[in-house]
Amino acid sequence: MAGADQDDSLYPIAVLIDELRNEDVQLRLNSIKKLSTIALALGVERTRTELLPFLTDTIYDEDEVLLALAEQLGNFTMLVGGPEYVHCLLPPLESLATVEETVVRDKAVESLRKISQEHSPVDLEVHFEPLVKRLASGDWFTSRTSACGLFSVCYPRVSSTVKAEIRQHFRTLCSDDTPMVRRAAASKLGEFAKVLELDYVKSDIISLFTALASDEQDSVRLLAVEACVSIATLLPQEDLESLVMPTLRQAAEDKSWRVRYMVADKFSELQKAVGPEITKNDLVPAFQNLLKDCEAEVRAAAANKVKEFCENLPEDNREQIIMTHILPCVKELVSDTNQHVKSALASVIMGLSTILGKDNTIEHLLPLFLAQLKDECPEVRLNIISNLDCVNEVIGIRQLSQSLLPAIVELAEDAKWRVRLAIIEYMPLLAGQLGVEFFDEKLNTLCMAWLIDHVYAIREAATCNLMKLVEKFGAEWAQNTIVPKVLGMANDPNYLHRMTTLFCINALSEACGQDITTKQMLPVVLKMSNDQVANVRFNVAKSLQKIGPVLDSNALQTEVKPVLEKLATDTDMDVKYFAQEAISVLVLA
Amino acid sequence: METTKLPPTSPSSPTTSFSVPSAEKVDGFPRRSMRRARQRRSHSSSQFRYQSSQVELTPLPLLKDAPVAELHDLFCKKLQQCCVLFDFLDCVADLKGKEIKRAALNELVESVATSRGVLIEPLYPEAIKMISVNIFRTLPPSENPEFDPEEDEPTLEASWPHLQLVYEFFLRFLESPDFQPSMAKRYVDQKFVLQLLELFDSEDPREREYLKTILHRVYGKLLGLRAYIRKQINNIFLRFIYETEHFNGVAELLEILGSIINGFALPLKAEHKQFLVRVLIPLHTAKSLSIFHAQLAYCVVQFMEKDATVTEYIIRGLLKYWPKTCTQKEVMFLGEIEEILDVIEPSQFIRVQEPLFKQIAACISSPHFQVAERALYFWNNEYILSLIEENCQVILPLVFATLYRVSKEHWNQTIVSLIYNVLKTFMEMNSKLFDDLTASYKVEKQKELKRDRERVDLWRGLEEQQDRRMQMLTEAARNQRNLQERGERGDPPTPSSPQTSLSDQPEPKPSGASSSSSGGGESAT
Chain A
1 MAGADQDDSL YPIAVLIDEL RNEDVQLRLN SIKKLSTIAL ALGVERTRTE
51 LLPFLTDTIY DEDEVLLALA EQLGNFTMLV GGPEYVHCLL PPLESLATVE
101 ETVVRDKAVE SLRKISQEHS PVDLEVHFEP LVKRLASGDW FTSRTSACGL
151 FSVCYPRVSS TVKAEIRQHF RTLCSDDTPM VRRAAASKLG EFAKVLELDY
201 VKSDIISLFT ALASDEQDSV RLLAVEACVS IATLLPQEDL ESLVMPTLRQ
251 AAEDKSWRVR YMVADKFSEL QKAVGPEITK NDLVPAFQNL LKDCEAEVRA
301 AAANKVKEFC ENLPEDNREQ IIMTHILPCV KELVSDTNQH VKSALASVIM
351 GLSTILGKDN TIEHLLPLFL AQLKDECPEV RLNIISNLDC VNEVIGIRQL
401 SQSLLPAIVE LAEDAKWRVR LAIIEYMPLL AGQLGVEFFD EKLNTLCMAW
451 LIDHVYAIRE AATCNLMKLV EKFGAEWAQN TIVPKVLGMA NDPNYLHRMT
501 TLFCINALSE ACGQDITTKQ MLPVVLKMSN DQVANVRFNV AKSLQKIGPV
551 LDSNALQTEV KPVLEKLATD TDMDVKYFAQ EAISVLVLA
Chain B
1 METTKLPPTS PSSPTTSFSV PSAEKVDGFP RRSMRRARQR RSHSSSQFRY
51 QSSQVELTPL PLLKDAPVAE LHDLFCKKLQ QCCVLFDFLD CVADLKGKEI
101 KRAALNELVE SVATSRGVLI EPLYPEAIKM ISVNIFRTLP PSENPEFDPE
151 EDEPTLEASW PHLQLVYEFF LRFLESPDFQ PSMAKRYVDQ KFVLQLLELF
201 DSEDPREREY LKTILHRVYG KLLGLRAYIR KQINNIFLRF IYETEHFNGV
251 AELLEILGSI INGFALPLKA EHKQFLVRVL IPLHTAKSLS IFHAQLAYCV
301 VQFMEKDATV TEYIIRGLLK YWPKTCTQKE VMFLGEIEEI LDVIEPSQFI
351 RVQEPLFKQI AACISSPHFQ VAERALYFWN NEYILSLIEE NCQVILPLVF
401 ATLYRVSKEH WNQTIVSLIY NVLKTFMEMN SKLFDDLTAS YKVEKQKELK
451 RDRERVDLWR GLEEQQDRRM QMLTEAARNQ RNLQERGERG DPPTPSSPQT
501 SLSDQPEPKP SGASSSSSGG GESAT
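Heads up: the sequence lines are chains A and B, in that order. The UniProt record's numbering numbers the first residue of the first sequence as 1 and each following residue consecutively. The UniProt record's numbering numbers the first residue of the second sequence as 1 and each following residue consecutively.
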């Protein structure tokens with residue numbers, strides 16, 4: 001303990017505070033980030049009596065410094081002497097909660113919420129709650145905005161008189177003059193409702209909710225939609241119709257698309273919150289309207305929810321609702337004018353097949369899938385392809401191959417190389433879903449054809465694709481199906497194709513293993529070292545470097561080394577360079 | 001299987017750019033403006049589709065042919081006719097109706113602009129209703145979510161052929177010699193103004209231009225709305241600064257404010273000062289500052305010319321928000337500072353010179369030559385130069401070290417020669433001080449290095465101490481826990497004391513080791 005005292009005298013507070021006041025922002029920021037070190041050096045008592053007052057008084061700094069400070073103070077409880085003294089942290093955080101910059105303020109509120117939990121119930125009423133009240137009645141909107149986030153953390157742990165005051169303050173902020181504060185209040189409405197007693201939810205929260213949901217600014221109204229989810233979850237079923245539904249119906253038909261968008265975006269949550277009966281009577285028509293909304297943004301948001309909404313419909317008449325109410329709208333969306341809408345739909349539409357079963361899928365959904373698979377927008381096509389597996393599960397591979405595969409094959413030969421590229425990227429996935437037999441029969445030729453595509457990016461992707469296929473189907477399959485074809489290209493008159501052989505070998509050697517590499521691939525590579533084209537020769541050097549680790553040391557010494565040594569004396573500079581590089585990497589020198 | 005979950009809409013997915021024709025893909029980096037220019041589109045808000053049933057319009061007699069007795073009645077009917085909205089996205093739909101409405105609007109505009117005595121009281125609610133129905137709408141979502149007003153073509157309002165005439169009518173209405181503010185204020189109320197202000201977010205510059213003139217007239221004629229308009233503009237700006245960073249009409253609103261500030265009475269009210277400090281100055285932080293900087297700087301200078309005492313707030317505010325990484329904005333800030341210095345009072349200059357010239361020195365040492373150049377140009381400004389000369393004793397020591405250092409190491413020759421000129425000017429101003437500073441330059445440098453070393457030492461010491469203390473704290477906590485557990489189990493507390501004394505002994509060793517490693521890391525950085 002004596003040693004610690006000496007340490008203290010080593011660092012007078014002035015020196016430390018000088019560091020916190022350094023002219024250079026970066027140094028100041030560094031010091032603030034190590035505030036805990038300083039506090040530890042000062043000890044709990046001097047942190048409380050000297051450091052915190054300094055911090056409280058000098059809060060005028062760069063926002064970045066303030067942000068660091070707000071964050072630090074949230075973890076300071078132990079450094080001021082534990083929960084007993086945690087209220088000492090309130091004054092600096094209170095100032096920080098009133099600054100202009102949102103990021104700083106939010107961080108201060110976050111820290112306040114954190115340390116509120118460390119207050120004893122008495123301290124909460126004596127120190128914390130008065131702070132909330134001061135913020136809630138501050139002059140400038142920033143402090144009132146911050147207050148909104150603090151009600152819910154102190155409410156559950158204070159006496160009923162104080163609770164009444166808190167409710168009153170929250171009510172006032174919900175009808176604040178500035179839209180910024182109303183937005184903050186609206187966004188915390190749900191959170192606050194959760195900690196309130198049910199009676200007060202019904203008496204207080206509902207009226208606030210109704211008022212905010214019909215605010216003159218749409219930015220406030222849309223936040224009320226979010227609160228709607230939490231409020232509906234809290235209320236008993238019989239009260240929902242009278243207390244929540246009028247407002248929700250109004251929001252779903254709001255004149256601002258932003259509000260309707262929010263309803264669409266939260267639709268699944270809303271659906272769960274209001275339960276099956278209201279869903280059937282109210283939400284189904286509302287959802288239909290959103291799917292037919294005049295604003296593409298809203299339609300896209302609703303289209304995104306189609307699967308989830310259908311999944312969560314009450315099972316007893318789910319199929320009937322989907323078939324008569326939802327599917328007609330979905331059919332229209334397939335030929336929507338906006339590509340975002342179509343692609344949103346394409347990302348979920350396949351999920352309907354599991355819900356509707358085999359027969360409906362074949363009869364009603366397959367035509368839609370096919371239409372989307374031929375959509376002019378590649379993203380739509382891609383979304384369909386990437387979800388093929390769920391349809392596969394429902395209707396089986398035979399059916400799928402008959403109906404969808406022709407379209408996929410067509411896309412694989414698309415004139416746009418980026419489309420071909422996308423299809424290649426899904427090949428390993430398709431192969432996995434369809435199985436080796438089916439693959440060999442229908443897709444193998446495609447995969448090989450891509451190797452001689454005239455676009456390099458396609459050839460490259462095709463090479464990579466082969467590797468993934470081998471990883472899926474195994475070395476034996478590779479040896480029988482693809483290795484011969486790949487090696488055959490080594491004799492192609494086009495040097496680009498000969499190089500593709502080398503690239504394939506680079507990619508495949510590891511997956512195929514030592515045996516195939518040594519016996520089948522290596523001879524071909526070595527033979528190509530005599531190619532007339534320098535590019536092929538230096539790629540031979542690169543390939544040898546790449547496959548070297550797969551070969552045994554005997555092959556390396558007796559076969560690879562002489563060839564590389566010969567290449568190292570090539571007339572071409574690049575060939576020499578890569579040969580020498582390979583020699584040194586494989587340690588053959 | 002996990003690959004099925006690929007997010008198809010992820011922006012990084014290579015497929016998102018599919019629809020771009022391959023011709024543009026040649027260099028792989030098409031300019032965004034190029035991509036946009038092709039698809040110059042227009043959109044209209046969704047209000048049209050909310051009209052339940054489409055009314056068939058029939059042409060009415062011309063206003064100029066109407067007998068005087070029926071003129072007002074006909075005017076009213078035309079106003080009502082113009083409340084019908086048309087679908088402009090479908091450009092061939094209901095061409096006849098569109099033409100009838102266009103003709104009627106034209107007539108209304110002309111009538112209000114030229115003939116006297118048309119605007120009688122019963123027409124006010126009808127006129128305002130017609131205007132409201134046509135212009136008030138929820139603006140549609142932006143076609144381009146990352147709309148960049150400097151690079152991209154704005155999306156134009158499809159219904160502009162009608163909308164323009166409605167705005168024109170509104171403007172003529174407000175400017176008419178017959179216009180009676182006392183009658184209008186019943187219909188042009190707070191709610192009306194709020195909706196008008198929201199329209200300033202329109203992407204269509206033509207619409208914003210009309211709105212600007214109209215709001216200016218409303219502000220000029222309807223005195224009761226002034227405070228409300230200012231307050232709502234504040235709210236729009238605060239939302240722009242702290243919440244959305246997106247609002248298309250900031251420049252237009254600032255332009256109006258420029259002339260409003262011009263008309264402020266002296267002494268400035270607290271409300272106006274608050275507006276300057278809490279709204280105008282923070283507006284400088286916006287990412288899109290370049291779009292409205294000229295208007296903003298004008299407003300700021302207006303404030304200074306009104307009341308010189310706000311100078312300090314302004315300069316300190318700008319210094320607080322000085323751009324850290326965006327050199328383009330830094331140049332704008334320097335431009336604004338020069339505008340301010342151009343009109344600054346010498347007494348105010350003295351109050352801010354110290355922090356200001358520290359920042360200017362920092363700009364001079366910027367590796368970006370445009371920033372350095374812009375700062376050095378201050379010495380070409382005669383008024384600023386005279387201010388510097390008067391306060392040479394203070395300013396020269398602030399900038400000397402920077403000038404001296406940068407003159408030796410800046411990569412750009414223009415900067416080096418500009419600095420030589422500045423140094424020469426200073427030498428002529430006060431050769432004694434200049435010589436002293438040159439002489440003490442090396443000593444100061446040494447001192448600075450020493451301070452840096454001391455700082456490193458201080459932090460190393462602090463961190464060593466922290467390691468030790470943390471260890472002690474955890475030891476103490478563990479001991480306490482042990483004690484408690486024993487106490488609960490009813491064990492005798494005696495064995496704990498040798499343990500604590502033992503735990504004290506090995507303490508210096510691990511802390512020494514860890515501190516030396518952390519110290520090493522410190523000096524390396």
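I should point out that these hints are in silico values taken from the structure, not numbers from a laboratory. By construction, the Cβ of each residue, glycine as well, lies at the ideal position given by its N, Cα and C atoms. Any given hint could turn out to be false.
As the list claims (entries may be wrong) - Label pairs and their calculated CB-CB ranges:
| no. | chain 1 | residue 1 | chain 2 | residue 2 | range |
| --- | --- | --- | --- | --- | --- |
| 1 | B | GLU143 | A | GLU277 | 37 to 47 angstroms |
| 2 | A | GLN402 | B | LEU95 | 46 to 56 angstroms |
| 3 | A | LYS114 | B | SER386 | 38 to 48 angstroms |
| 4 | A | GLU277 | B | THR325 | 39 to 49 angstroms |
To be verified - Sample of chain A residues facing chain B (criterion: CB under 7 angstroms; computed from the structure):
| no. | residue |
| --- | --- |
| 5 | THR37 |
| 6 | GLU100 |
| 7 | THR172 |
| 8 | SER175 |
| 9 | PRO179 |
| 10 | SER256 |
| 11 | GLU297 |
| 12 | LEU434 |
| 13 | GLY435 |
| 14 | PHE438 |
field: Hints the structure fails to honour
entry: 3, 4, 7, 8, 12, 13 and 14
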